[in-house]
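There are 2 protein chains.
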Amino acid sequence: MPGLPLASVLAADLRTPSQGFSSMPLLVVGSVAFDSVQTPTDSRDNVLGGSAVYFSYAASYFTPVHLVGVVGRDWPAEHTALLRDRGIDTSGLEVVPTADTFRWRGKYLSNMNDRETLEVHLNVFGSFNPVLTDAQKHCPFVFLANGAPAVQHRVLDQVVGPKLVMADTMDLWIREQHDELMALFRRIDGLVLNDSEAKLLTGDENLVRAGHRICQMGPRFVVIKKGEHGAMFFADRETYVLPAFPTGVVVDPTGAGDSFAGGMMGYLAQRGDFSPQTLKEALAHGILVASFNVEDFSLERLKQIDQRDIQLRMEQYKRMLAF
Amino acid sequence: MPGLPLASVLAADLRTPSQGFSSMPLLVVGSVAFDSVQTPTDSRDNVLGGSAVYFSYAASYFTPVHLVGVVGRDWPAEHTALLRDRGIDTSGLEVVPTADTFRWRGKYLSNMNDRETLEVHLNVFGSFNPVLTDAQKHCPFVFLANGAPAVQHRVLDQVVGPKLVMADTMDLWIREQHDELMALFRRIDGLVLNDSEAKLLTGDENLVRAGHRICQMGPRFVVIKKGEHGAMFFADRETYVLPAFPTGVVVDPTGAGDSFAGGMMGYLAQRGDFSPQTLKEALAHGILVASFNVEDFSLERLKQIDQRDIQLRMEQYKRMLAF
Chain A
1 MPGLPLASVL
11 AADLRTPSQG
21 FSSMPLLVVG
31 SVAFDSVQTP
41 TDSRDNVLGG
51 SAVYFSYAAS
61 YFTPVHLVGV
71 VGRDWPAEHT
81 ALLRDRGIDT
91 SGLEVVPTAD
101 TFRWRGKYLS
111 NMNDRETLEV
121 HLNVFGSFNP
131 VLTDAQKHCP
141 FVFLANGAPA
151 VQHRVLDQVV
161 GPKLVMADTM
171 DLWIREQHDE
181 LMALFRRIDG
191 LVLNDSEAKL
201 LTGDENLVRA
211 GHRICQMGPR
221 FVVIKKGEHG
231 AMFFADRETY
241 VLPAFPTGVV
251 VDPTGAGDSF
261 AGGMMGYLAQ
271 RGDFSPQTLK
281 EALAHGILVA
291 SFNVEDFSLE
301 RLKQIDQRDI
311 QLRMEQYKRM
321 LAF
Chain B
1 MPGLPLASVL
11 AADLRTPSQG
21 FSSMPLLVVG
31 SVAFDSVQTP
41 TDSRDNVLGG
51 SAVYFSYAAS
61 YFTPVHLVGV
71 VGRDWPAEHT
81 ALLRDRGIDT
91 SGLEVVPTAD
101 TFRWRGKYLS
111 NMNDRETLEV
121 HLNVFGSFNP
131 VLTDAQKHCP
141 FVFLANGAPA
151 VQHRVLDQVV
161 GPKLVMADTM
171 DLWIREQHDE
181 LMALFRRIDG
191 LVLNDSEAKL
201 LTGDENLVRA
211 GHRICQMGPR
221 FVVIKKGEHG
231 AMFFADRETY
241 VLPAFPTGVV
251 VDPTGAGDSF
261 AGGMMGYLAQ
271 RGDFSPQTLK
281 EALAHGILVA
291 SFNVEDFSLE
301 RLKQIDQRDI
311 QLRMEQYKRM
321 LAF
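Those protein sequence lines, which keep their order, are chains A and B.
Read in order, the letters of the first sequence are residues 1 to 323 in the numbering used here.
Read in order, the letters of the second sequence are residues 1 to 323 in the numbering used here.
Extracted from the complex, chain A is given alone in its bound form (with noise of 0.2 Å):
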């Protein structure tokens, strides 16, 4: 990518020859959990959800996944059999057998983009400390979904030589956890979040403006998420916007922006490189699983989908920005 600086990655790869540019593993930490979803038309109690999981099995269609992450003495065999169908190495997922998995109920209004949290229930995650197995640690591809920052800095204190290092963060830990949150994005390489959450960090209305201030905090790039409006990238030298894949099914958007996250890294983790043309494809892949994952609740739309539906829909989308 011209004006990043990832000297120190393709050195990295020239080490490493004999591991190839395909298909490399990738860590994912985060949550996991029961959601209760409430939309203006439908509703659903206790469904799998939690950031790791969207991400996991968004990415699992085109790379290794390994889920680190923690449930409780509730948590169901068949999630877990669910995830493993995909390839995903669940071997990450501790159960801690005196306590409950952690539970989130919330609400969206008519638009469908802005939801109200009614209930959260911590649970097993209000004291996840994750620790990675060798396997882990060596994973050229994490991810830190969404969690309090002095979490993602523990998990990357135990990461070793990774290749790139992606981050998701939210409102809470943007006002609570700001040095922790300046800190981790000096560490880290890609940043994700949303548009509501960019204007917050950089009290800038302006997403094109924000974007460039955020990578001035230490991320190489930045992609900014616009739910239905698509999303934005940023780098030293690069802004550009791909819209969202217009659907006129949007059931429930719980998950879109991990599964965005699961699907663009996933691409990148595949392809092993990182090249402009590279992450924006990356970036059009993760657009288009996330435009799936809106279509029904929890993951029961990417349950019914393979590889080649997001190949049809990618030529869709091709198509309709070409001209």
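Quick caveat, the hints were computed from the structure, so don't treat them as lab data.
Be aware that a few hints might be false.
Identical copies look the same in the list; a pair holds intra-copy or inter-copy alike.
[What the hints assert, rightly or not] Derived lysine-lysine pairs resembling DSSO-like cross-links, with alpha carbons at most 30 Å apart:
1. Lys318 / Lys280
2. Lys107 / Lys199
3. Lys318 / Lys107
4. Lys107 / Lys303
5. Lys280 / Lys137
Starting from the known structure of chain A, arrange chain B on it as the hints suggest.
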């Protein structure tokens, strides 16, 4: 365009081969105004504005434009000269010597998207009753800028065999003149409106569904303007969205929608065809002209650019969307 019953239009082409396919005259009928604009950081009083002004200036980069509107005794000759200097035919600009020009005062909220109207003085525009000359009646491309549906109907009653008629509207008419608006939709080829108006008109918060529902109300195609998020296109068998050009310089969004429509329809009139490809190129040209327009108050930014600037930005835009 697949699925659009444009046979009559194509037949009309065959009847007038000598007219050729390039730079056909474009008629716009709409408001001419003095705007007073407050943004979070700056303001301007009594600057040149109005839907027909923004539209015609934007379209003038592509095709000959005939402007029909009304102004009052307070109208300075230099505003007319400014439009004439871009080749716009201002002979349809009626000057009423006994009253004042339409005045609008508005204030943008910090997001530079939502705005509040502080004052409206319709003045001469309140009794605007456009009477077209023969040359104006025979313009093959017609744009009915935002105005009372009754006035838009009166324009359509006068035009003779137009090739393409597009119209804009607003929330006021959707709420208060619903039947007249519905009748108008059955007389036009294309409708442009913004996202909040599309939601109001259909009662549907999903813009993809809303766009197709509006197509079913009569227009052959519908364009939903999304401000900083670009624009969506809908026809019987087509749906696409193109993002806005990402600019960090958003000084004043006033006239963005009208300059978008002017760029789009100016390009269509220049090309003289309505193939899906040309329509998409036209949408992109509208997006780019609007992206210049918002970079300063009134027409200040457009006054600085020429066709080459639009072309250069188009190359950047196409690169941005290519992957």
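Okay, the hints, checked on the actual structure:
1. Lys318 / Lys280: both (12 Å within a copy, 13 Å between copies)
2. Lys107 / Lys199: both (23 Å within a copy, 21 Å between copies)
3. Lys318 / Lys107: neither (33 Å within a copy, 39 Å between copies)
4. Lys107 / Lys303: Within. Shortest intra-copy distance 23 Å satisfies the 30 Å Cα cut-off; inter-copy 48 Å does not.
5. Lys280 / Lys137: within (27 Å within a copy, 48 Å between copies)
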